[in-house]
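Sequence order for the protein chains is A and B.
If you read the first sequence in this note's numbering, its first letter stands for residue 18, the second for the next number, and so on.
If you read the second sequence in this note's numbering, its first letter stands for residue 1493, the second for the next number, and so on.
Watch out, some of these pointers could steer you wrong.
[To be verified] Derived pair list, reagent style SDA-like, types lysine to any residue, alpha-carbon separation capped at 25 Å: (1) K61(A) <-> R1520(B); (2) K175(A) <-> R100(A); (3) K175(A) <-> R1520(B); (4) K175(A) <-> Q1583(B).
[What the hints assert, rightly or not] Cβ-to-Cβ under 8 Å is the rule here; a few derived chain B residues that face chain A: (5) L1501; (6) A1511; (7) R1516; (8) L1519; (9) F1528; (10) V1602; (11) S1603; (12) L1752; (13) A1753; (14) P1756.
Please keep in mind that the hints were generated in silico from the structure rather than gathered at the bench.
Backbone N, C-alpha and C define an ideal beta-carbon position, used for all residues, glycine too.
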Amino acid sequence: MTADETPATETSANHPAGAPSPGLSPAPPALAIRHVTHEFGARKALDDVSLTVPAGSFTALLGPNGAGKTTLFSLVTRLYDNRSGSIDVLGHDVRREPAAALSALGVVFQARTLDLELTVLENLLYHATLHGIGFRAGRRRALELLEQDGLADRAKDKVRNLSGGQMRRVEIVRALIHRPRLLLLDEPTVGLDIASRAALVAQVRKLVAQEALGVLWATHIIEEIVPGDRIVVLHRGRVRADGTYGEILARTGSDGLGAAFLSLVGEDSEVAA
Amino acid sequence: MSTPGRFRLPLAGYLIVLAGICWREGLRFLNQRGRFLSALVRPLVWLFIFAAGFRSVLGVSIIPPYETYVLYEVYVTPGLVAMIQLFNGLQSSLSMVYDREVGAMRILLVSPYPRWFLLVSKLTAGICVSLLQVYAFLAVAWFWEVELPPVGYFAVLPALLLTGLMLGSMGLLMSSLFRQMENFASVMNFVIFPMFFASSALYPLWRVQESSLVLWWICTLNPFTYAVEVIRFALYGQFEPFAALVVAGCALVFLAASILAYDPSAGVMARRGGPDNAK
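The whole structure should be built from the sequences, with the hints applied where relevant.
Structure, rendered in structure tokens:
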């Protein structure tokens, strides 16, 4: 089964798929955001945002800098409180059931969040304990994931000595330690060279295909998106389009995603950048 | 896993989280030997140089808990112990500010465990580190003829936990209010030294009262004074209930305020636009 066969591809812009579609499994989507607005003082960072990440799908959150992607991530991870609308992770409202929601969530923040002075394994173990996984089990899981990702030989190295790409891969490994069902990545490829970027995208796509993980991948790099992905275009805090790759092209009458993106945000993108 | 509703974090998980946070703090502590050394050298400089120099100038009369005349070094020791904890409390907060800058704080806060528990665990880790520093200092001071009654070395432990909690949660509260290191560095200057000097750490309050009533009032209102006195009495196996009550009360207020400040719905973070930037 591929990621594209999952339910909510029919979800249209600003029309969330909170309830499961008829005839499909009643399992809740990995992430369902409904009508979320967030303001910093007078500035509206998010304006009535709704989107869904079905389980086992790669959903790209595409938007220029300042579109509100990081704010959205901060709300889902409960660094800020959403004062309007609702955010459900695997059917758990992040406000009412934060523990259940955060347990099902793995996240790679835009800023590097590894402790440079500690080793790779120490960083991973620390994260495991924060999720209530004991040292022995955490160590086993960390080594297993590092092995799968070809990083086992770096386990005892200080993070400071890793390359930027390796650090990102370790951060993804870390986000997976507690077996989340939803993985959020906030512009994870920023600052990486082309080869590292491709490796990272491949690593995450493998997780979607093999482990049916729901992935929300925030980016402003169009090349990271491939036909079959779900795409949510966010601009100036509003969802401008939400659908499959093909749907977005059809809706905008474009022959490429770049052109489609420009037609959705084009005139304003200069201001937003 | 995906069943909504009845989700409960296992109780054993709380212990694991606490152990993990303390373990990481310990690793960071070991990695930063300079931090340990400076935490030790700072009070020792006061003891070896300042107190020795002032020994002949400042006589301390017999006041509780002392039963005889004491050397100035002996008088100043509890204040220096409290100073270690004050520095440590603010230093672990400094690490919170640093953590927020590098984003590690985010990793802490996305743990599914309750935020108050994460912050208390972080505080506990900081207090454990301060205990190591204090006992190392007391060991060196022993060779400098600051010999306390043996019971004092044990009796001071609960006192240190209490004072460490107050000073640590004060630092935690401050860390929630400052976003940048530069701000915080100046806060250290504006907080540590005034708190230390305007207290009973260096001179008994009756002496302060003789020279300046205003300063005496400031010292009396300074919670650090009570931390010093709790430690002073405990070092002689005695309990000073009023000072302990003030310290416990301040600890509760600071802790509650910092938990509130880090709470996503009531906290200052959201209003400021987030933990690391205002994007």
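Worksheet item: Does K175(A) pair with R1520(B) here, judged by a C-alpha cut-off of 25 Å?
Response: 13 Å, holds
Worksheet item: Taking the closest Cβ pair, is V1602(B) under 8 Å from chain A?
Response: 5 Å, holds
Discussion item. Would the hint linking K61(A) and R1520(B) be met if the CA-CA limit is 25 Å?
Written reply: 39 Å, violated
Practice prompt. Could you check if L1519(B) really has its C-beta closer than 8 Å to a C-beta on chain A?
Written response: 6 Å, holds
Worksheet entry | chain A contact restraint for P1756(B) - C-beta distance below 8 Å | Holds, because the Cβ-Cβ distance from P1756(B) to chain A comes to roughly 4 Å (cut-off 8 Å).
Discussion item. Just to be careful: measuring from the Cβ of S1603(B) to every Cβ in chain A, is the smallest value less than 8 Å?
Written reply: Check passed: Cβ of S1603(B) comes within 4 Å of chain A, closer than 8 Å.
Worksheet item: Close enough to count: is the Cβ of L1752(B) nearer than 8 Å to one in chain A?
Response: Status violated, d = 13 Å.
Discussion item. Restraint: F1528(B) near chain A, CB-CB cut 8 Å. Satisfied or not?
Written reply: With a closest approach of 14 Å, the F1528(B) hint is violated.
Discussion item. Given a cut of 8 Å on the nearest C-beta pair, is the interface hint for R1516(B) held or broken against chain A?
Written reply: 5 Å, holds
Practice prompt. Classify the hint on A1753(B) as holds or violated, based on whether any CB of chain A lies nearer than 8 Å to its CB.
Written response: Given a least distance of 13 Å, the restraint on A1753(B) is violated.
Worksheet item: Holds or violated: K175(A) with R100(A), Cα cutoff 25 Å?
Response: 40 Å, violated
Worksheet item: At a threshold of 8 Å, is the proposed contact between L1501(B) and chain A supported by beta-carbon distances?
Response: Given a least distance of 5 Å, the restraint on L1501(B) holds.
The structure shown violates the earlier hints numbered 1, 2, 9, 12, 13.
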